[in-house]
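Trainee: Sequence:
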Amino acid sequence: MREIRYEEFGGPEVLTLHEDAPESVPGPGELLVRVEMIGLNPLDGKIRDGSSGRARHLQLPAGTGRELVGTVLGGGEGLDECELAARGVAPGTVVFGMRNLEDARGTAADLVAIAADDVAPVPLEALPDQLPQYAGLALAGLTALAAIEDAGELQAGADVLIHGGSGGVGQLLVQIALQKGARRVWATGRAQNAERIRALGAEPIPYDQVDWRQTIQQATGGRGVDLVLDTHYFTTFEPSFDVLAEGGRIVVLPSLADLAPARERGVDARIPRIVSGRERLDRLVALQRSGHCDVEVSEVLPLASIAEGQRRLHEGHTRGKIVVDLRGGRGE
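Just add 782 to wherever you are in the sequence shown, counting from 1, and you've got the working numbering.
Calculated from the structure, these hints are not laboratory results.
Any given hint could be a false lead.
Here are the simulated SDA-like pairs of lysine to any residue, each with C-alpha atoms no more than 20 Å apart in a straight line [unchecked claim]: (1) Lys962 <-> Asp932; (2) Lys828 <-> Arg1093; (3) Lys828 <-> Arg887; (4) Lys828 <-> Asp1064; (5) Lys828 <-> Leu883; (6) Lys828 <-> Val807; (7) Lys962 <-> Ala938; (8) Lys828 <-> Asp885; (9) Lys962 <-> Glu931; (10) Lys828 <-> Gln1000.
Quick list of simulated restraints, FRET-style, between CB atoms [what the hints assert, rightly or not]: (11) Gly983 <-> Asp802: 44 to 50 Å; (12) Pro910 <-> Ala938: 23 to 29 Å; (13) Glu1090 <-> Asp802: 19 to 25 Å.
No experiment lies behind these values; they were computed from the predicted model shown.
From the three backbone atoms N, C-alpha and C, an ideal C-beta is built for every residue, glycine too.
Using the sequences and the hints, build the whole thing.
Mentor: And the structure:
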């Protein structure tokens, strides 16, 4: 089978396509899944170049990718056909999901073994047209839920500012914040992405044309916002202190963010911890079906171009999600 692997930490160029990789074998409680598509995420690059804390104990060579959409072929020990059917993941079922935090294996392979609890069925009405959207839903969606519900504790009627509203996670943050009852949502992004942000229901702030801090202060009469959801961090974290309402909170997405400056100022700042699992994946499906998890896929690349996809993510300004299609090399 084909698999993307790397033998040393580094840039996208270390990724190598192996045509004759050993086939995956599902362990106890795992499914064997034929991968159709995977979503690319900035985290993939941070693990690959060694800058993520998740790379600290990674054994090389290693695979890449965290999320997938694919077809169940069978189950390992403890998952016979009756149990698979009871879980709604009988052979032939199309599922999507994300490896849990303890599972360091990649997803960029023709076949993968993945914990049954880490995937959920894709609704039949979504097939096959929405395969790319489900390929990019799990990680971004679970991140958005953790940021808004767990770390952010968003309350109905809150005013929210989102930094990076046109990115894969940012677009879902906008939609889920509004679904949770936010009163007003502002989202920063480049001017060329303003219409997409507006279509999602937020008020765009084109940071390449205006001062976002001044915009928020004017729009709120100097009060500020109740919650800042910051996907950028490096250039936006400390400046966001100036637009927080009294008792407001900042949620920053990079897991290695330094919260010390916030503590020194008495600002409530938090880093979300992604919670995976079937229950939350099923919730994402419900949100997607109700129109509150519309994943914009900006590009679909073949498996051989995965390094180029990761390079584009590293360069920044990617709108929505980049998805890799594994079906072409199999003659599908």
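Trainee: Of all the hints given earlier, name the ones this structure violates by number, lowest first.
Mentor: Hints 4, 6, 10 and 12 not satisfied by this model.
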